[in-house]
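2 protein chains.
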Amino acid sequence: MSKIMKNLKATLSYDGTRYNGWQRQKNSKNTIQEVIEKVISEVLDENIEIIASGRTDAGVHANGQVINFKTENNLNIDELRDIINTNLPNDISFNKIEEVDNKFHSRYNVKSKVYVYKILNSKIHDPFLRKYIYQYTKELDINKMIEASKLFLGTHDFKGFSSGKKTKKSTIRTIYDIDIKIEGNEISIFYHGDGFLYNMVRIMTGTLLEIANGNLDKNCITEIFDNQIRSEAGFTVPPHGLFLLKVIY
Amino acid sequence: MSKIMKNLKATLSYDGTRYNGWQRQKNSKNTIQEVIEKVISEVLDENIEIIASGRTDAGVHANGQVINFKTENNLNIDELRDIINTNLPNDISFNKIEEVDNKFHSRYNVKSKVYVYKILNSKIHDPFLRKYIYQYTKELDINKMIEASKLFLGTHDFKGFSSGKKTKKSTIRTIYDIDIKIEGNEISIFYHGDGFLYNMVRIMTGTLLEIANGNLDKNCITEIFDNQIRSEAGFTVPPHGLFLLKVIY
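Line by line, the protein sequences give chains X and U.
According to our numbering, the first sequence is numbered sequentially starting from 1.
According to our numbering, the second sequence is numbered sequentially starting from 1.
Wrong hints could be hidden among the right ones.
Chain copies aren't distinguished; within one or between two, either way the pair holds.
Stated by the list, open to error - Capping the alpha-carbon separation at 30 Å, the derived lysine-lysine pairs in DSBU-like fashion look like this:
1) K181 <-> K165
2) K131 <-> K181
3) K181 <-> K246
4) K111 <-> K169
5) K131 <-> K38
6) K246 <-> K131
7) K123 <-> K29
8) K118 <-> K246
9) K6 <-> K38
10) K131 <-> K118
11) K138 <-> K96
12) K111 <-> K70
13) K246 <-> K103
14) K3 <-> K144
Everything labelled a hint here was simulated from the structure, so no lab data went into it.
One chain only, chain X, in its complex shape (with noise of 0.2 Å):
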């Protein structure tokens, strides 16, 4: 009797500072990817690999990075979930396991992402998010932000506001919506897109940052969108303010 093969899809959260980004590397240890992939291998005694919704860099963090596996193990799926977080580390945390159709690709079928960048806008840092958000001292002119982010909505090509290396992908790409919200110093800015180059979320809100203190004119982004200069951008915000919030299937 042959075994029934489940595809499991899993919805986690991790904390990016001590890792080198998501991606299994050849020469580069202490992967988010190897970190689970190990636990969930001797948890189920398979030799598991997965895919994820896409990679985080280095530093990154995920609030709802999706992930999907294959196994033959019948545990109960909340029950392994239970497991996998006792021996995961505590930076990394499962929050959902589902058994979803074998067809499930948790890479190919992505609608659409939500990413969030945390700014504090403030002389004084705060001991308890110094990890999560970006501390940017300068004063922002939060009107010319928003005015600003509604230049990125649309349909455009995005290679100026990305890192990426010479490539012959496509560098075009679909922003929903872009959602600033404050609480006291806070700024979180909320991107929705169909897809995000490398870098490009945190170009963005640099080129925002930049912008909103003045030192960049709002219409650099529609001359960035037509010349693709990098260097016309605003400066790559760290990767600490960065979350993966959300995944849409």
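Dock chain U against the given chain X, drawing on the hints supplied.
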């Protein structure tokens, strides 16, 4: 002309994770007091001694610790705060500095203090809160916890709820209020009292947890007020869920 001595009161936050508690010690390095005194002394080029509202133990956090210190320096207090913050490690932060009456003493003048102890009642840990909340996986009857918390209110001998060494000092304290807030799986227990003995908040919290999970009966609280037997109370919860929230003068 003699210089004018100013008395400065400061409110500060710190992540206690990597420190050996507040109090400067002869044989133990890396206390919060030591780090702060070193920075202020360097910034002001004076030998500064700071007085805190009280010590916090190793691993305990603060959002509202209050200190005072005297200086001949005439720098603007907001500028002084910013310079101190720039020089402090980023797990300690000065929120505010005020000039106060020369007689103000941050320990002697304390009227009351508010601590909060945070519990995550879930099998799923939270990677972002792991150093700031105590994960407790057993099932809890919150109504039992709330009922029991009322027995702590008022003036009692809390000796059985402390792990202090034998002392002739009074172990009588008054608890004005205990407020239990629930947000999803997070339980925050706010303790407002005129003072707290060594480990008192952590043992009261452990006792409430054991009452809420059925391991202890709430009447043990009044019995321990009488018999002062530490071992009849609940366990000492770990320090990382505890925050000194406010000092009232």
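Against the structure, the hints come out as follows:
no.: 1; hint: K181 <-> K165; result: neither (32 Å within a copy, 50 Å between copies)
no.: 2; hint: K131 <-> K181; result: both (20 Å within a copy, 26 Å between copies)
no.: 3; hint: K181 <-> K246; result: both (17 Å within a copy, 28 Å between copies)
no.: 4; hint: K111 <-> K169; result: within (18 Å within a copy, 66 Å between copies)
no.: 5; hint: K131 <-> K38; result: both (26 Å within a copy, 24 Å between copies)
no.: 6; hint: K246 <-> K131; result: both (20 Å within a copy, 24 Å between copies)
no.: 7; hint: K123 <-> K29; result: between (36 Å within a copy, 28 Å between copies)
no.: 8; hint: K118 <-> K246; result: both (15 Å within a copy, 27 Å between copies)
no.: 9; hint: K6 <-> K38; result: within (19 Å within a copy, 59 Å between copies)
no.: 10; hint: K131 <-> K118; result: both (11 Å within a copy, 20 Å between copies)
no.: 11; hint: K138 <-> K96; result: between (40 Å within a copy, 19 Å between copies)
no.: 12; hint: K111 <-> K70; result: within (21 Å within a copy, 61 Å between copies)
no.: 13; hint: K246 <-> K103; result: within (21 Å within a copy, 55 Å between copies)
no.: 14; hint: K3 <-> K144; result: neither (59 Å within a copy, 48 Å between copies)
Consistency with the previously given hints fails for numbers 1, 14, ordered from lowest to highest.
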